[in-house]
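Residue numbers (numbering that gives the first Met the number 0), protein chains in the order written: chain A, 0 to 260; chain B, 0 to 260; chain C, 0 to 260; chain D, 0 to 260.
Keep in mind that the hints are not guaranteed to be accurate.
When chains are identical, the list treats them as one kind, so a pair holds in a single copy or across two.
[Said to hold, decoys possible] Lysine-lysine pairs mimicking DSBU-like chemistry, simulated, CA-CA at most 30 Å apart:
| hint | residue 1 | residue 2 |
| --- | --- | --- |
| 1 | 34 | 235 |
| 2 | 235 | 208 |
| 3 | 205 | 220 |
| 4 | 208 | 139 |
| 5 | 139 | 205 |
I should point out that these hints are in silico values taken from the structure, not numbers from a laboratory.
4 protein chains.
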Amino acid sequence: MQELIQDGCTVYIFLDAKRNWIRKVKAGDSFHSNKGIISFDDIIGRPYGIKVTSHSGVIFQIHRPSLADTQISLGRNTQIIYPKDAGTILVETGIGAGSRVAESGTGSGALTYVLANAVGPTGHVYTYEIREDMYEAAKKNLERYASMDRVTMYRRDILEGINETELDAVILDLATPWEVVDIAHRALKPSHFIASCSPTIEQVMKTCKAMSESGKWGMIKTLEVFQREIMVRENKTRPTTWMVAHTCFLTFARSLAETSA
Amino acid sequence: MQELIQDGCTVYIFLDAKRNWIRKVKAGDSFHSNKGIISFDDIIGRPYGIKVTSHSGVIFQIHRPSLADTQISLGRNTQIIYPKDAGTILVETGIGAGSRVAESGTGSGALTYVLANAVGPTGHVYTYEIREDMYEAAKKNLERYASMDRVTMYRRDILEGINETELDAVILDLATPWEVVDIAHRALKPSHFIASCSPTIEQVMKTCKAMSESGKWGMIKTLEVFQREIMVRENKTRPTTWMVAHTCFLTFARSLAETSA
Amino acid sequence: MQELIQDGCTVYIFLDAKRNWIRKVKAGDSFHSNKGIISFDDIIGRPYGIKVTSHSGVIFQIHRPSLADTQISLGRNTQIIYPKDAGTILVETGIGAGSRVAESGTGSGALTYVLANAVGPTGHVYTYEIREDMYEAAKKNLERYASMDRVTMYRRDILEGINETELDAVILDLATPWEVVDIAHRALKPSHFIASCSPTIEQVMKTCKAMSESGKWGMIKTLEVFQREIMVRENKTRPTTWMVAHTCFLTFARSLAETSA
Amino acid sequence: MQELIQDGCTVYIFLDAKRNWIRKVKAGDSFHSNKGIISFDDIIGRPYGIKVTSHSGVIFQIHRPSLADTQISLGRNTQIIYPKDAGTILVETGIGAGSRVAESGTGSGALTYVLANAVGPTGHVYTYEIREDMYEAAKKNLERYASMDRVTMYRRDILEGINETELDAVILDLATPWEVVDIAHRALKPSHFIASCSPTIEQVMKTCKAMSESGKWGMIKTLEVFQREIMVRENKTRPTTWMVAHTCFLTFARSLAETSA
Numbered sequence: 000m001q002e003l004i005q006d007g008c009t010v011y012i013f014l015d016a017k018r019n020w021i022r023k024v025k026a027g028d029s030f031h032s033n034k035g036i037i038s039f040d041d042i043i044g045r046p047y048g049i050k051v052t053s054h055s056g057v058i059f060q061i062h063r064p065s066l067a068d069t070q071i072s073l074g075r076n077t078q079i080i081y082p083k084d085a086g087t088i089l090v091e092t093g094i095g096a097g098s099r100v101a102e103s104g105t106g107s108g109a110l111t112y113v114l115a116n117a118v119g120p121t122g123h124v125y126t127y128e129i130r131e132d133m134y135e136a137a138k139k140n141l142e143r144y145a146s147m148d149r150v151t152m153y154r155r156d157i158l159e160g161i162n163e164t165e166l167d168a169v170i171l172d173l174a175t176p177w178e179v180v181d182i183a184h185r186a187l188k189p190s191h192f193i194a195s196c197s198p199t200i201e202q203v204m205k206t207c208k209a210m211s212e213s214g215k216w217g218m219i220k221t222l223e224v225f226q227r228e229i230m231v232r233e234n235k236t237r238p239t240t241w242m243v244a245h246t247c248f249l250t251f252a253r254s255l256a257e258t259s260a
Numbered sequence: 000m001q002e003l004i005q006d007g008c009t010v011y012i013f014l015d016a017k018r019n020w021i022r023k024v025k026a027g028d029s030f031h032s033n034k035g036i037i038s039f040d041d042i043i044g045r046p047y048g049i050k051v052t053s054h055s056g057v058i059f060q061i062h063r064p065s066l067a068d069t070q071i072s073l074g075r076n077t078q079i080i081y082p083k084d085a086g087t088i089l090v091e092t093g094i095g096a097g098s099r100v101a102e103s104g105t106g107s108g109a110l111t112y113v114l115a116n117a118v119g120p121t122g123h124v125y126t127y128e129i130r131e132d133m134y135e136a137a138k139k140n141l142e143r144y145a146s147m148d149r150v151t152m153y154r155r156d157i158l159e160g161i162n163e164t165e166l167d168a169v170i171l172d173l174a175t176p177w178e179v180v181d182i183a184h185r186a187l188k189p190s191h192f193i194a195s196c197s198p199t200i201e202q203v204m205k206t207c208k209a210m211s212e213s214g215k216w217g218m219i220k221t222l223e224v225f226q227r228e229i230m231v232r233e234n235k236t237r238p239t240t241w242m243v244a245h246t247c248f249l250t251f252a253r254s255l256a257e258t259s260a
Numbered sequence: 000m001q002e003l004i005q006d007g008c009t010v011y012i013f014l015d016a017k018r019n020w021i022r023k024v025k026a027g028d029s030f031h032s033n034k035g036i037i038s039f040d041d042i043i044g045r046p047y048g049i050k051v052t053s054h055s056g057v058i059f060q061i062h063r064p065s066l067a068d069t070q071i072s073l074g075r076n077t078q079i080i081y082p083k084d085a086g087t088i089l090v091e092t093g094i095g096a097g098s099r100v101a102e103s104g105t106g107s108g109a110l111t112y113v114l115a116n117a118v119g120p121t122g123h124v125y126t127y128e129i130r131e132d133m134y135e136a137a138k139k140n141l142e143r144y145a146s147m148d149r150v151t152m153y154r155r156d157i158l159e160g161i162n163e164t165e166l167d168a169v170i171l172d173l174a175t176p177w178e179v180v181d182i183a184h185r186a187l188k189p190s191h192f193i194a195s196c197s198p199t200i201e202q203v204m205k206t207c208k209a210m211s212e213s214g215k216w217g218m219i220k221t222l223e224v225f226q227r228e229i230m231v232r233e234n235k236t237r238p239t240t241w242m243v244a245h246t247c248f249l250t251f252a253r254s255l256a257e258t259s260a
Numbered sequence: 000m001q002e003l004i005q006d007g008c009t010v011y012i013f014l015d016a017k018r019n020w021i022r023k024v025k026a027g028d029s030f031h032s033n034k035g036i037i038s039f040d041d042i043i044g045r046p047y048g049i050k051v052t053s054h055s056g057v058i059f060q061i062h063r064p065s066l067a068d069t070q071i072s073l074g075r076n077t078q079i080i081y082p083k084d085a086g087t088i089l090v091e092t093g094i095g096a097g098s099r100v101a102e103s104g105t106g107s108g109a110l111t112y113v114l115a116n117a118v119g120p121t122g123h124v125y126t127y128e129i130r131e132d133m134y135e136a137a138k139k140n141l142e143r144y145a146s147m148d149r150v151t152m153y154r155r156d157i158l159e160g161i162n163e164t165e166l167d168a169v170i171l172d173l174a175t176p177w178e179v180v181d182i183a184h185r186a187l188k189p190s191h192f193i194a195s196c197s198p199t200i201e202q203v204m205k206t207c208k209a210m211s212e213s214g215k216w217g218m219i220k221t222l223e224v225f226q227r228e229i230m231v232r233e234n235k236t237r238p239t240t241w242m243v244a245h246t247c248f249l250t251f252a253r254s255l256a257e258t259s260a
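So that you can see chain A by itself, here it is in the shape it has in the complex:
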């Protein structure tokens, strides 16, 4: 049974790498760009993945928004965890179906959205955000895109503590992650993962030092991930001219059990 585009659903309208939009479909309304107009009535009832021609004769693709499309869209105008870093977090920490994860800050909700997709209906994401404005913006974003039955949002400073225990992972995207590592340790199952994302090397140094000195963490390691696109065109195949040089450093560690021999 093929899923069809319906009134009220969200579509990804694609022209090229720089010109693409996520839009809510509304019967009777239309999408406007400087490459022409697409009437939503022309796509309602048709499958995702179609090509449509605008009134000015330009061909657009209409897709289901992918996880990464939505993640990037949620993060427009804010600093987000990029797909390349989110993927590394998922695989390094092993977050998957059924995982129970805490995260702070919520930010725009972009990573919360990815985590909610990963943990599924049998897992849960607990997300902490201290700033009122960020909390409200993320709430609006997540209620639109995520399955909220698997997400609990707190408008609270994670420094006051994590409500949950026996978690599978704690993800930090904070200005001062080194202040939270002890709190994270108490909330984690033994031998499970903390992941901390920091743009500056001084944050990484302080976080690694705090973890190392506490004696509560094993296998502390810091990674950076780069991604480059290759433009594959006949007789013109070459990497793109520009790439993102830095988003954040990713520090991972595993919680040691309280009792050590």
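Following the hints, position chains B, C and D against chain A.
This is chains B, C and D only, laid out in the frame that chain A set:
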């Protein structure tokens, strides 16, 4: 309720980045290395994440094997999809709890294992392997580590077709992916993802050309992902001296719907 | 004896990484920017490396244009060999004081300028350019910045041959370098270097194939060079957000002697 | 006039990227490897760039050692400035024919050798080394490979001062470069370059801080340079599996004139 190390379970024994082992715990038996012996009886009944001292006085950490530990371990002596690439595949294709995914070849089962963790009990992984020896080795590996109720293994050439339809994603790790793209298209829901992993640029060129000429694929793009470790030590912080320069190129595309305007 | 800024000389006016200019100093005239005006009379007779305050109170640095400043300036609006690639070419080929080098195309003259600085008064650069407009633009550029007694410019297709023999190096920055490798071989001393710069991988493949099939080249290798800036600011040290992902691939080979055993 | 291999000269014997040797040719003697023996008498009087077949039937190439070959050879078993970094230093600082440059420490002499090649007979390299053993080893290396009329070696701590003034560049490869930046400033012409090579980020931070706080330096910037090889083989073109992930960070700055407005 803390999970404890038990007879028959699998542990990750860690000394440093180069000296670490995945071992099955067996009551009455012990782990031997040139840094000393650890009796399994000394760790049974204790939590994961402990430190233990070998008979020669060297301290080891005993951890639950992480997803990435197991993935790398499964791939020992074969070419595997690395964690950095597996993470990008998960996030770019949006594979998560509940996804139905086909994969070929099974290889050592390392990626199958990651996919099974991601799709959870409400999703499913269908994996195709043509080589008898690989199939048998992967079966042994997966039965040991993965939840087999969410995995179907075929000993068959994927060129003969994919049994499933309406899939959320198809992942190819094959010598000749360009021969399979039409088959993959028929098995996918519209506007869903194919991901193809190839070590050589000629494979990438042929695959992109086949997809492009068929007119069945949108938003074809090729990425390469790099990962570098930063050694964070007080007054000695620096990236590692060596890194992996290349594993494979990752080509992604979305299936277009059969009917186009 | 300190070199002083004089009427008619060229200065590098620096505000920050994005706002900097190379200008000819002219007595009685001034430099205008949206951060204020600097009267050239205020800097004439003073040393390079001074700070001056514009009429709007903004501080600029006045420097001698460096090799790389001039190289980048010459290449404005055209595709140039970047400093990172030029440096690799110099060290891999060993071009230095006294070297005799041929180059094609001249392009904007940016690499010619770097080569002329490297070979010095006892070496020479022979540069070939087929396009009249490029030749004239490069001539103007080089007459302004380079020591022309060590540069010979040809307005000619290098495919018609290289006038010189017994060269130390041949540098190609052409659309079809594979057509020129035999010509380059005849012009080189045995066991000396060709370096070819190509943006696309197909160009690299054809060039390597032509060199390999001719049997005239040894130790063919292809490199790509990346450069990333680290912003070092107290408690905010981090790599820049964007970097150049690709300029060109650099292919090097050594000429084999005609007589082989 | 073709240069011929002679008794007493140095050759680069190449089998593949991992098996290659720099050897002194000695009449009556021979080169031994596990791929067979080459009698030096068989190559004396022949041109560089020949192929020779060993007694076991394996073909070797005999080349003139390139600048980079010698540089890497000089640095065997020590930490050297790699070609990729040396090239960036040359182009960023503009060191070329006629430049007068100070360097510390001398180390194995590998960078001294590159600098001597660059500055030519009309320039000069002044190199400072505090350690007796390093000084003696570098002296032996440089007397063998470099034109010593353009090199002055000091066995002295550069912290005691640089003898020269009005230099074009100062290159530091020291454990504590931040202690030397004032000394370097006094030795440089205004608006000329210091380049400092440091493996750790803490060294970079201290050096940038010292330069910034002194007020004597403009346009301070830190780069890292990566180099990756592409293996171009028909239908098997791909980057190499491993690459150097880190050698050193390169910090550059320009000396400000003492009098500022």
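A quick look at each hint next to the structure:
no., hint, verdict
1, 34 / 235, "within (26 Å within a copy, 41 Å between copies)"
2, 235 / 208, "between (48 Å within a copy, 13 Å between copies)"
3, 205 / 220, "both (13 Å within a copy, 24 Å between copies)"
4, 208 / 139, "neither (37 Å within a copy, 41 Å between copies)"
5, 139 / 205, "neither (34 Å within a copy, 44 Å between copies)"
Hints 4, 5 from the earlier list are contradicted by this structure; the remaining hints agree with it.
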